[in-house]
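With our numbering, letter number 127 in the sequence shown gets 127, and the count goes up by one each step, no holes.
You may find that some hints are simply not true.
[To be verified] SDA-like cross-link-like pairs, simulated, lysine to any residue; straight-line CA separation at most 25 Å:
(1) LYS90 - MET8
(2) LYS131 - ASP115
(3) LYS90 - GLU160
(4) LYS90 - LYS131
[Claimed, not checked] Simulated restraints, written as ranges between beta carbons of each label pair:
(5) GLY162 - GLY105: 33 to 39 Å
(6) GLN146 - SER73: 22 to 28 Å
(7) ALA10 - ILE104: 18 to 24 Å
(8) ILE128 - ARG66: 16 to 22 Å
(9) THR165 - SER73: 34 to 40 Å
Hints listed in this document are in silico derivations from the structure and should not be mistaken for laboratory results. Using N, Cα and C, we set each Cβ at its ideal position, and we do this for glycine too.
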Amino acid sequence: KTPYRRVMLAKTETRADVDKLDGYEVIALVESPLGAVNASQIAAAENVVGFMWGSEDLTAGLGGRRSRLADGSYHPIVTQVRGSVLLAAKAHGCFALDSVFMDIGDLDALAAETDDAVNIGFDAKVAIHPKQVAVIRDAYAPTDEQVAWAEGLLAAAEGERGVFTYEGQMVDGPVLALGTRVPGTTDSYRGARPGSPATAERTCREDPPTAPCPQGLPHQRRAGPKLRPMGAIGASSPRSFLSFFFFGDR
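With the hints as extra help, turn the sequences into a complete structure.
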């Protein structure tokens, strides 16, 4: 036995696969047609804390030849699986890791794909080569403008108890949540007074679900790992790649 209590399970296809790893936290790697259609059932397992998906093995399992179209974008069926895995993960309080980008030399395309991962809600993108790490971290790091917007939004929320406007935009729970996810705003977020929208959102996201959320937001089943906001996971060898998952939590 090893002291590691968090493992990535390659070719996760059924709930039974992860049930066999009782006592371990499991990152389910979905990379087959069967795993894709069972993603929600897999995510419902109590010991599943995260998801990753793989495009190349998936395509091979489909009997296909290429996961991407001529313009470099994913084939629609591959995009469908990417979205399904993300939805399953977030619906069950798990984190989601976007698949690797195989063309190591095309950093511009990697940056574009990572931007998309950030915008849609993936918690990190997995790197397969050291030169990819800086590109991925840059995509996940907020700009000065984004930090200023988030700080201003959270400050404005201090004096509000419900829906309000900020810089001409309607702000409710989901919009406020965007501000809380920008790195560097944690202190403002935790400093919200009781009853403010910021506090209500924090209660729903972090506290035990012992009462209905005051803003009707869903409670998360589990907090999951505290991933750093810089988004790059992986390295140049399988051993160092796995070490990020075992030791990467704060």
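Against the structure, the hints come out as follows:
1. A threshold of 25 Å between alpha carbons decides the hint, and for LYS90 with MET8 the separation of about 18 Å falls inside it, so the pair holds.
2. About 17 Å separates the Cα atoms of LYS131 and ASP115, which keeps this hinted pair within 25 Å; it holds.
3. The hinted pair formed by LYS90 and GLU160 fails the criterion: a straight-line CA distance of about 28 Å is larger than 25 Å.
4. Taking the CA atoms of LYS90 and LYS131, the gap is about 29 Å. The hint is violated against a cut of 25 Å.
5. Between GLY162 and GLY105, the C-beta spacing of about 51 Å breaks the proposed range 33 to 39 Å.
6. About 26 Å separates the C-beta atoms of GLN146 and SER73, a value consistent with the hinted range of 22 to 28 Å.
7. Taking 18 to 24 Å as the suggested C-beta distance range, the pair ALA10 and ILE104 conforms, at roughly 21 Å.
8. Checked against the given bound of 16 to 22 Å, the beta carbons of ILE128 and ARG66, roughly 18 Å apart, stay inside it.
9. Restraint check, THR165 to SER73: a C-beta distance of roughly 37 Å satisfies the suggested window 34 to 40 Å.
Against the hints set out earlier in the document, violations occur for numbers 3, 4 and 5.
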